Amino acid sequence: MNGKETMGLRVENIVMSFERNVVLDGLTLDVPSMSFTTILAPTGSGKTTLLRIMAGIDKPTSGRVYYNDRDVTDVHIQERKISMVYQQFINYPSMTVYENIASPLRVSKEKLSQKEIDERVQNIAKLLKITHVLGHLPEELSGGEKQRTAIARALIKGSEFIFLDEPLANLDYKLREELRGELKTVFKGSTIVYATPEPIDALSMSSHVAYLSKGKVIQFGKVHDVYTKPRLREVGQYFNDPPMNMFDCSLSTEGGSARVVVTEELKLDFSKYKGVLREREYVMGIRPQDLSVVQNRVGMISFAASVEFTEIVGSSTTLHLIHRGNKMGIVIHQPEKQHKRGQEIRIFLDPGRVFLYGKRDGRLLIAQGQVVADAVPAS
Amino acid sequence: MAVIELKNIVHTYRKGKKETEALRGVNLTFTEGCPAALLGPSGCGKTTLLNILSGLLKPTSGQVLFDGKDVTDLSTEERNIGMLFQFPVVYDSMNVFNNLAFPLRNRKVGPAEVKERVREVARLLDLAEVLGSFPRQLTPSQKQLLALGRGIVREDTAVILLDEPMTQIDVHQRWELRRELSKVQGSLNITMIYVTHDQYEALTFAEKVVIMKDGLVVQEGSPEELYGNPKTPFVGYFIGTPGMNILDCRLAKTGLDFKGFKKEITPELRAKIETYGPDFKLGIRPEFVHCGLVQQKGWFPLKVKVVEDRGEFKIVTLTSDAEELKSQVPSDLAAEEGGTVWVNFLEDKMKIYKDDRMIN
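Quick note, the sequences are listed as chains A and B, same order. Residue numbering for the first sequence follows this note's numbering, beginning at 1 and increasing consecutively. Residue numbering for the second sequence follows this note's numbering, beginning at 1 and increasing consecutively.
Okay, chain B solo, but in the shape it has when bound (with noise of 0.2 Å):
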C-alpha cells in the first residue's frame, strides 16, 4: 500500500509542429487506502494524468514518488500497479482459476500458496462459483472484477488504478460493480484512483475527489464538499445531476436583477456581496429551485420549456426567454410544457460568485 504524490506535474504532446499542453502543473497526494477519483470533461488531463501515475507516460517535467521513491523513471512492472480499463483485460483462453493465479505463477509463487491465494481472492469478488468458468461466460460485471482481481492478488500491489471501468457496463450492473469495487477496497484498505467523467461514479466511489479543467487542479475535497461548497460555478455545474444552475445577475436596489426576472435580497446577503458588485453569477442547484403553480410573496413567474419525466421526480427547464434554468420538482406536480409556474430560491443554498471565486 502506497502513498502518492505527484509534483509539478507538466505534461505537453508533440505531434509536428503542434503542441498541446496537457497538463500545467499538477500537485496531489493521495493517501494509503483512501479511494480517490479523477474527475473532469474530456481534454481535462485526467487520462494523462493517469498514463503518468500508472508509467506508460513519462511527464515532460515533475515527479512521480511512491512512499517517497522517485518512481517517474520506472517502468509500469517495476511499479506494483494493478490497471482497470473500459475493456476488461483478461485472458480469454484461460478459466477464472487461472486467470487469476497467472500472475502469482509468473513470480514463481507454489502451486499451494497460488491456491490459496486465488480462492481467498475469488471469495471477496464473488466469483468463487465461477472459478471453473471461462471468461466469455461471464457477465461484462465479473469480467471486470477478474481484471481487478488480477491485480489484487498480488500482495504487493501498490496501488489500483481503475480508466473508465464502466463504460463497458451496463446500468444494472454498474449498480453492482459500484459495491462491488468498495467492497475490495474497504476490505484490503488498498490505495485505488478513479478516472472518470461521470460525477456520479466519482461521487460514490471516492472519498477524496479531485476535479480537473484544462489541464489543472479546480478543487478537491470529499463528495460533501464538492457538492455543497463548490468553489467555481464549474464546479458546481459539474457535481450534481443535473449540475448547478449558474445564472448572471445584479445587484440593484431592490435585490438581484437576472435576465428576465428579480429576486428580493436579505440584508445580511446584500452586505456580504455589495463590495465586490454589481455583477455577479449565482448558483443555485436544480433541487433548491422551487416550482408551483400559485403565486406567492417575492415568487417571481417563468415559463416551463421542457419537462423530463425521471420517474419518482422531474426536471424542468425553466426559461424567461432570456435566460434558463433548472428545477428538480416533485412527479406530481402538474406543470406543462409552455405554461407558467412560480419559481423561489432558498436564499441559503445560493452561491454567489465573482471572477470564478465563490464569496459567500
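In isolation and in its complexed conformation, chain A is listed as follows (with noise of 0.2 Å):
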C-alpha cells in the first residue's frame, strides 16, 4: 500500500439482488473522511440497502467496501467498530437510559473503569439533553427522548463510521426541526452517512450529499455544488421543496437566433448559448422561490397564469399555478395582498436562474447563466 490512503469510506461496484429484484446496480461511491454524507432518494430507492451494506449488516451479491483503504467486504460488523441508529428507535426495554447508553462501553474492549464510564455517559447524555431521563426506562420517554437515547448509544462508542437510516421519520415534525440542528453539531469526529427521502436534511446537516437513482448515485459533491449545479434533471427537481418547476420545451432557431420556447409568452433568447443547444427539445427548470410576482430586475421575462391553490404559512405564500397546461409553483415571502384560486396573476422570470436539460438524456447544459462545462458537444 502507497503511504497515500484514501481515507473515509468507499463502496465499489456493489450489486444487490433481491431474487429478480435488482436494487443496487453496480453502486460506486467515495464518502470523504468526516464527513457527514446524505444518501438523498425517494422512498424504496434502495438507501437502506445501501446502509446496510456499507455498514455491514448485509453482504452484496458482488462488490467490495472499503474502510480507510482496507477490504471490510468479509469483516462481520461486529469487528467493523460502527455504529447505527435506526428509524425505529431501538434501545434495550429493561434497562434503564443510563444503562442503555453505557452498554456500548461496558462490552467493549478497551477496559474502562466505571468512573470513565460514568463520565462518558454523563458527557453525552447532556450533549443530546437527556441528562433529566438517565433513571427512566424506555417505555416512560417520549419519542423524541427515546431517539435521543439510541443516538447517545450510537455516539458514545467513538466510533469513526456511523450510520444513520432515517432517524427522524418517526418523530413528530418539530422534534425533527429540533434535532435537525443538534444533529450537525453532535457527530463531529465521526464520518456519517445519513439516509433520507428529505432535501432539507441534506440541505440544514450535511457536508456532501450523494443522490440515488435505479441502484446507482447519479451525482455526488458538496451540498452547497449539487445544490447550484444539479447535473440531471431528476436531481435538480428533487433536491428542492417545492420540486423546481421543469417545462417541456423546443428550441427555436429562426432568423439566427436560438430561443427556447415553451409557450407564446413563456420562452427566452438563448442565443448567446446557441453552440451547446444542438437538439431540438429541452426542459426548462426554475425554483418556485425564483419565480416572482414584481419585476424587479431587467431582463425579466413575464407571463400570465392562474392561481390553482394558496398555502400560506406565516411570512411566506406559495402558490400552485398553471400558464397554458404547465403547472408549477411560486414561492412569495411576505405578500403584499391574498391571492384566490382561478385568480390570473403576472409572472416574472429572469433567465439568469434558469436551469436548461436535455429532454433524452436530462443532462444538465445551462445553470443559472453558465453553460456547464462539460456540456459542449464534440464537434
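Since the hints were made in silico from the structure, they are not lab data. Do not take every clue at face value.
Said to hold, decoys possible - Simulated crosslink set (DSS-like; lysine-lysine; CA at most 27 Å straight-line):
no., chain 1, residue 1, chain 2, residue 2
1, A, Lys340, B, Lys208
2, A, Lys188, A, Lys111
3, A, Lys109, A, Lys188
4, B, Lys213, A, Lys129
5, B, Lys281, A, Lys129
6, A, Lys188, B, Lys303
7, B, Lys208, A, Lys129
8, A, Lys188, B, Lys305
9, A, Lys337, B, Lys231
10, B, Lys305, A, Lys126
11, B, Lys17, A, Lys337
12, A, Lys129, B, Lys69
13, B, Lys349, A, Lys337
14, B, Lys303, A, Lys126
15, B, Lys303, A, Lys337
16, A, Lys109, A, Lys126
17, A, Lys111, A, Lys126
18, B, Lys183, A, Lys327
19, B, Lys17, A, Lys126
20, A, Lys129, B, Lys303
21, B, Lys349, B, Lys208
22, A, Lys222, B, Lys303
23, B, Lys305, A, Lys157
24, B, Lys281, B, Lys259
25, B, Lys305, A, Lys222
26, B, Lys259, B, Lys17
27, B, Lys231, A, Lys126
28, A, Lys340, B, Lys183
These numbers come from a predicted model, not from an experiment.
Got two chains here, each in a separate frame; can you build the complex from them with the hints?
Put into C-alpha cells, the structure is as follows:
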C-alpha cells in the first residue's frame, strides 16, 4: 500500500439483488473522511439496502466495501467498530437510559473503569439533552427522548463511522426540526452516512450529498455544489422543496437566434448559448423561489398564470399555478396581498436563474447563466 | 354535509390499574364545508378525538352531534364517514374503477349510475386516466386519492376524516397531494377534518386550525391568527418553521434583560407590561430576529452556534452561552459557526407573555 491512503468509506461496484429484483446496480461511492454525507433518494430507492451493506449488516451480491482503504467486505459487523441508528428507536427495554447508553462501553474491548464510563455517559447525555431521564426506562420516554437515547448509544463508542437510517422519520415535525440543528453538532469527529428522502435534511445538516436513482449514485458532491449545479433533471427536481418547476420546451432558431420556447409568452432568448444547443427538445427548470410577482430585475420575462391553490404559512405564500397546461409553483416572501383560486396573475422569470436540461438524457446544459463545462458537445 | 359538534368530550384510557387522561374536556364545532385541522404533538389527544368523531371509540363522557343529532352511540357505518389513514386503504385485487364503484354497488346502486358517478369522482381526483389500473401501479399519492374517492363517491358522506394521510408520502408527492385535497374540498364543499403533528400540513390545508396539548384545546383560529397572534408560548413555538423563539426576560431600568444580553424597549411597550412585571417570556419569530455583521445602535452581540442551509435562506442558531435562539437570515449572509454577529428584534413583532398569557 502506498503512503497516500484514501481515508473514508468506499463502496465499489456494489450490486445487490433479491431474487430477480436488482436494487443496487453497480454502485460506487467515496464518502470523504469526517464528512456528513447524506444519501438522498425517494422511498424505495435502495437507501436502506446501501446503508446496511456499508455497515456490514448485509453482504452485497457483488462488489467491495473499504474503510480507510482496508477491504472490510468480509469482515463481520461486530469486528467493524461502527454504530448505527435506525428509524424505530431501538433501545434495550429493560435497561434504564443510563444503562442503555453505557452498554456499548461495557462490552467494548477497551477496559474502562466505572468512573470513566460514568463520565462518558454523563457527557453524551448532556450533549443530547437527556440527563433528566437517565434513570428512566425506554417505555417511559417520549419518541424524541427514545431516539436521543439511541443516538447517544451510537455516539458513545466513538466509532469512526456512524450510519443513520432516516432517524427522524418517526418523530413529530417539531422534534425533527429541533434535532436537525443538534445533529449537525453532535457528530463531529466521525464520518457520518445519513439516509433520507427529505431534501431539507441534506441541506441543513450535511457537508456532502449523494443522490441515488435506479440503483446507482447519479450525483455526488458538496451540498452547495449539488444544489447550485444539479447535473441531472431528476436531481434538480428532487433537491428542492417545493420541487423545481420543469417545463418541456423546444428550440426555435428563426433568423439565426436561439429561443427556448415553452409557450408564446414563456420563451427565452438563449442565442448566446447557441453553441451548446444542438437538439430540438429541452426541459427548462426554475425554482419556485426564483419566480416573482414583481419585475425586480432587468431582462425578466413575464407570463400570465392562474392560481390553482394558495398555501399560506406564516410570512411566506406558496402558490400552485398553471400556465397553458404547465403546472408550477411560486414562493413569495411577505406577499402584499392575498391570492384567490382562479385568479390570473402576472409571473416574472429571470432567465439568469434557469436550468436547462436535455430532454432525452436529462443532462444539465445551462445552470443559472453558466454553460456547464462538459456540456459542449464534441464537434 | 354536516355541522359537527363535540360537547364536553372527556376520555380516559384504562389499562389494568393505569389510567391515562387522553381528553380532558373538549368543546369544538366544525362548520359545514370548512376545512379544519387538529394539530398537536404526539400524545395531545388528537387521534383519540378523531376516533371519537369517527365512531371507532366511545368517549368516557360527552356528546358527538352531526347536524344537531346525537351520534355518540352510532357506529362508523351509521355516521356516513369517509376516512383516510396513514396507509392508503384500497382493495389491491380490484382496479381503480371497481374500487370506486364498490361502496355504491354495496348500496345496490344501478350500473349506469355507478358508471357516471365513478367517472365524475375519478375526473375530480385526476384518476380518470388510470381507471383500469390496479393499486400497485399507482403512486402512493394516487392511492391516497383513490382512498379519498371511495369516501366521497357516496353522496351522503357527511364528513371526511384524515388521519395523518401524508405520513407515507414523499416530499414531492405531498406538494401534489396538498393541491388535490384542496381542490376536492373546494369543489365538493365537504366538511374535512385533518389530524396531524405537521404544522405545515395543517396551515396549508385548513381554514380553521385547532391546536391541542395534553388533552385540551389550546387555541383555535385561522392559520393567520395562530401565526400572528399565538395566545400562549406553546402555540408560538408550535406554529412556524422554525417556531417562535421563547426567551426568559426581566424588566430592568434600561430595557429587557435576557440571559446573556439586553435590549432596550420603548416607553410605550414598558407601560403596557410594567404592571405585570418583572419576569416575562418573550416570543419572537426567527424571521423577525435580524442579524448583521456590523454593529448598530441598540443591537447586541451573540455567537453563531449552528448554521443550517435551507437553500434560499439560512437558519442560524445564536447563543449567549446562557440562552439560545434562532434567526432566519438571507443565504448570502457570511455568518460562520463560532463567529459573532450583531442581533436585534423588531419591537412590534415581539410577543410578551406572563404566566402563559399574551399581554401585549
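- Hinted pair Lys111/A and Lys126/A, Cα distance within 27 Å: The given pair, whose Cα atoms are some 23 Å apart, holds under the 27 Å limit.
- Task: Measure nothing beyond the straight line between the CA atoms of Lys303/B and Lys126/A; if it is 27 Å or shorter, mark the hint as holding.
- Result: 20 Å, holds
- Query: Straight-line Cα separation of Lys188/A and Lys111/A no greater than 27 Å?
  - Reply: Cα-Cα ~24 Å, so holds.
- Message: Please verify whether Lys208/B and Lys129/A have alpha carbons no more than 27 Å apart.
- Response: 35 Å, violated
- Query: Is the straight-line distance between the alpha-carbon of Lys305/B and that of Lys126/A 27 Å or less?
  - Reply: 16 Å, holds
- Please work out if Lys188/A and Lys303/B have their alpha carbons no farther apart than 27 Å. Distance of about 19 Å is within 27 Å: holds.
- Query: Does Lys349/B pair with Lys337/A here, judged by a C-alpha cut-off of 27 Å?
  - Reply: 19 Å, holds
- Task: Could you grab the alpha-carbon distance between Lys129/A and Lys69/B and see if it respects the 27 Å cut-off?
- Result: 49 Å, violated
- Does Lys129/A lie within 27 Å of Lys281/B when you go C-alpha to C-alpha? 22 Å, holds
- Message: Does Lys222/A sit within 27 Å of Lys305/B, going by the straight-line distance between their CA atoms?
- Response: Roughly 21 Å separates the two Cα atoms, so the pair holds.
- Task: With a cut-off of 27 Å on the C-alpha distance, tell me whether Lys109/A and Lys188/A pass.
- Result: 23 Å, holds
- Item | Restraint status (C-alpha distance of Lys129/A to Lys303/B at most 27 Å) | 20 Å, holds
Violated hints for the displayed structure, listed by number in ascending order: 7, 11, 12, 15, 19, 26 and 27.
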